[in-house]
Amino acid sequence: MSNMNDDVVIRVENVKKHFKVYPDKGKTLKDKVLFRHRNRYELREVLKGISFEVKRGEAIGLIGKNGCGKSTTLKMLTKILRPNEGTIEIKGRVSSLIELGAGFHPDLTGRENIYINASIFGIKAKEVDERLDDIIRFSELEEYIDNPVRTYSSGMYMRLAFAVAINVDADVLLIDEILAVGDVSFQTKCFEKLKEIKAKGTTIVIVSHAMSQIEQICDRCIWIEEGLILEEGKAREIGERYLASMEEKRLEKKEKEFQEKLENSKGLDEIKSGEVCVEEEVKRESETEDVPKEKLPAFCDSMAVRMGKRDVEIVDFAILNSEGENVLVLHTGEQIEAVIKYRVNVDKVKVDCRFGISRDDGVHCYGSSSYGDEGDYKELSGMGEIHFIIHDLNLLPGKYFIDIGLRDEEQIACDIIKKVREMQITLSNTKESGIVSMKHKWL
Amino acid sequence: MLARTKEILNYKDMIYSLVKRELRGRYQKSVLGFLWSFISPLCQIAVFTFVFTYVFPSNIPDYYIYLMTGMIPWQFFSDSISQGACSVIYNADMTKKIYFPREVLTISSVSAKFVNLLLSMLVVFGFILVSRIGFSPLVLLLPIVLVIEYAIALGFALVFASITVYLRDMEYVVNVILMAWIWATPIMYSPDTLVEQYRWIADLLRVNPLTSVMYLFRDILYYHQYPTTIDWVLPAIWGVVLMVVGSLIFKRLEGNFAEEL
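Protein sequence lines correspond, in order, to chains A and B. Our numbering numbers the first residue of the first sequence as 5 and each following residue consecutively. Our numbering numbers the first residue of the second sequence as 7 and each following residue consecutively.
Hint data in this document are derived by calculation from the structure and do not stem from the laboratory. Hints are all accurate, no fakes.
No more than 25 angstroms apart at the CA atoms, straight line, and that leaves these computed lysine-lysine pairs for BS3-like:
1. B:Lys-102 with A:Lys-24
2. A:Lys-59 with A:Lys-83
3. A:Lys-435 with A:Lys-69
4. A:Lys-128 with B:Lys-102
Everything numeric in this text was worked out from a predicted model, so none of it was measured.
Starting from the given sequences, assemble the full structure and let the hints guide the process.
Structure representation (structure tokens):
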């Protein structure tokens, strides 16, 4: 403690923690003796050496995806877990809002449970006496406080528990993901109370996934990833980068799944060799007869809806990005190319080709028709491709669906596929909102 | 060790609350409520008195008083250990989420039983009063005996509670041990009635820390004679040793509780 600066309340130094993971652990004597091999375990490193300091009156947020070690860090701050290596020093009285309603006995009254719960946090009965009115008022349970807790609704139960926990005088307050208590007005109240506590000079450490809450309360934010501190800094900045990276990871995963799906189904190249394709089609058509609901070809999403008389048929579809790759994730501002492969089942046919984009909430964002643009129908025969290029995709990030269709001269549907493909659009650091990006400036 | 004791004392309000919860909560919904903590040992004593009066007649005079002065303290000991052993695992949620000295759980569990013992002793007093045995001034020494028994019970409970976390079998092993233990303690019989060639059994019983405790209870409440020095010293030493060993074992094992549970 001697070299600890007066201002520093929490000092975590090179803390490492690992857990033993037993794939199949024997808890009983029989298991321990007879099945020794079951006692084998793997060491899972949760924290690989993290260090940070928190100054008096500061509020910091720990963020990171599930399993990154942030809750473990918090548990070590409360002394529930001990680090395998490294040291943790905390000055002053620590209180934690990790488990709400600890020790509540369902048959005892709310009032009695306040005392039990508070005592578990190390609060003396005398202090509870002083604060009892505040706690009851905060919980808004004045009328029910002398009823057994088992008669409470779960919301009332949590409100009482939270009221006790938050009315604790502590130098350091540790909070784990529990600000989602009760209805909206109670949440706001808790949040206001937390700000009040912070204003009084209490040091706060919060673990949460709700970035907006962290940004509002915390001065500083620590981003933990795979047991190490990835970044540390102003809550707003770190929060933005964290969210952006989470989104990026999510899209990467989706793209990967999409590419796997492409590989598993027949790729574009294979379809070019028409014979394979025809065989498939024939097989499918025969299936159609006994299965009333039409089976969708592999290039369609499972959500797709298909209709039409099929004198001309869409046999494959792809969206190519500026590098010519068939991808799911596209960027605002990019050039994209839609490729529709068709096969004409009659001699020849005149069609109007259509392309549309709608957002996942159903808003129609864009539509275009070849007849509308060119004033004439496309005459098709045999097999071929229709290309549709958008030079500047200025839709804002979000999830979109693509509709494609072919109609004949009487505007009767030949082959229309709604939601043939999903399209994820992303753009890092955009500050715009809505559907489309527009060139703009402020003067 | 000293620092630890101080920390536990800081949590005495928690012990108080948990004892209260245990006592208030346990019988909250039953009609007879708290009376059950008297009724069940009394019924047990009634059954044993019947058996040892008519089935296997005992030549101990005022047998029901003799039995009571042993059975009630035994009941406390046995409950403390069987429930103390589970005190940590039954509060796993709390242990995993909140910091407090874990000994508090075991201490509360044993203390709740101790409160029961004190109340049951009042019932025993009532019986002694109406019987022809009556009281001697020695009864003033009873609190010391109670404290010694508390220490022994807590020592054992701490050991079993911490082991049970790692080895759930302990919960059942403890009950088997207790079943044998009651016969290894002079509760329903008296070693004085042993025939000459089996006197050594009485010496063997001395190994059991509870034997001396029983002698203390009997001397003070039943025989009205001042206990021998060895009956005072032996259990007192047991009490201190068990408390120290119990807390050391508990302390040693406690570090990984949160991970094990």
